[in-house]
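If you're matching them up, the sequences are chains A and B in order.
The letter at position 4 of the first sequence is residue 4 when you use the working numbering, and the numbering goes up by one with no holes.
Add 1000 to the 1-based position in the second sequence for the working numbering, that's all there is to it.
There may be inaccurate statements among the hints.
[What the hints assert, rightly or not] To give an idea of the interface, some chain A residues facing chain B are shown, with a C-beta separation under 7 Å as derived from the structure:
hint, residue
1, E15
2, G43
3, L44
4, L104
5, F106
6, Q108
7, G109
[As the list claims (entries may be wrong)] Calculated pairs, SDA-like style, for lysine to any residue (alpha carbon to alpha carbon, straight line, at most 25 Å):
hint, chain 1, residue 1, chain 2, residue 2
8, A, K68, A, T51
9, B, K1055, A, E76
10, B, K1041, A, Y39
11, B, K1055, A, T51
12, B, K1041, A, M7
13, B, K1020, A, T51
14, B, K1041, A, Q45
15, B, K1041, A, K68
16, A, K115, B, K1041
Calculated directly from the structure, the hints in this document are not laboratory data.
We put the beta carbon where it would ideally sit given N, CA and C, even for glycine.
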Amino acid sequence: GNSVTQMEGPVTLSEEAFLTINCTYTATGYPSLFWYVQYPGEGLQLLLKATKADDKGSNKGFEATYRKETTSFHLEKGSVQVSDSAVYFCALSDFPGYNQGGKLIFGQGTELSVKP
Amino acid sequence: GAVVSQHPSWVICKSGTSVKIECRSLDFQATTMFWYRQFPKQSLMLMATSNEGSKATYEQGVEKDKFLINHASLTLSTLTVTSAHPEDSSFYICSARDWRGSSYNSPLHFGNGTRLTVT
């Protein structure tokens, strides 16, 4: 079945360091790919998305490119800030039936901690 | 943008009681909503898909008699944890997709979650 695998955390970085969080997926068909962020005690917020191969999603300095050949969607940011500390989830949109509305399958999440 | 409101944000209840969690789409109609459960430092586990006007579809291993889902209208779905026990303590999150002018690949909008603690 479809699945998403993320690099294990926690990831601890100093402010202004470069960030990469790896994400690979297994899917049939042509899923859409997403990165969500969860701040402490809150629900999930969409960070960025890509709907087809070679698409690059970007937002708030984060970016990820949909690589079909390597089945990957790695999250990157050139210079992290303390405020980026959160848990990041990679997800794919399962191919939906009409009644399903399209489920999301999540990776296990990667906790990022940025120190001043 | 689309907003999903979840209420309450936290609740503490005694073992054996029932708790109802509401999930509302505030500015769009949601024929389908999803309920997730999240354990500390773990990913989200899909519990069930809530369909307006019909029975919910539960994922394997989720007890439908324990986690009652009602999708009463196009903007409201409720999750009732019946006869709650300490092992039901968790973070419950709902989500909905805004279908207006978009495809099935449009992202889900999430509520802020409900922290349930059963004592």
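Do the hints match the structure? See the list:
1. E15: 24 Å, violated
2. G43: It holds, given that the least Cβ distance between A:G43 and chain B is near 4 Å, below 7 Å.
3. L44: 4 Å, holds
4. L104: OK, holds: A:L104 within 7 Å of chain B, min 6 Å.
5. F106: 5 Å, holds
6. Q108: Hint holds; A:Q108 Cβ to chain B Cβ min 4 Å, cut 7 Å.
7. G109: 5 Å, holds
8. A:K68 x A:T51: OK: A:K68 and A:T51 at ~11 Å, within 25 Å.
9. B:K1055 x A:E76: 41 Å, violated
10. B:K1041 x A:Y39: 12 Å, holds
11. B:K1055 x A:T51: 30 Å, violated
12. B:K1041 x A:M7: At roughly 14 Å apart (the allowed maximum being 25 Å), A:M7 and B:K1041 satisfy the hint.
13. B:K1020 x A:T51: Violated - the C-alpha atoms of A:T51 and B:K1020 are around 35 Å apart, more than 25 Å.
14. B:K1041 x A:Q45: 17 Å, holds
15. B:K1041 x A:K68: Violated, at roughly 29 Å.
16. A:K115 x B:K1041: 20 Å, holds
The structure fails hints 1, 9, 11, 13 and 15 (numbered hints given earlier, in ascending order).
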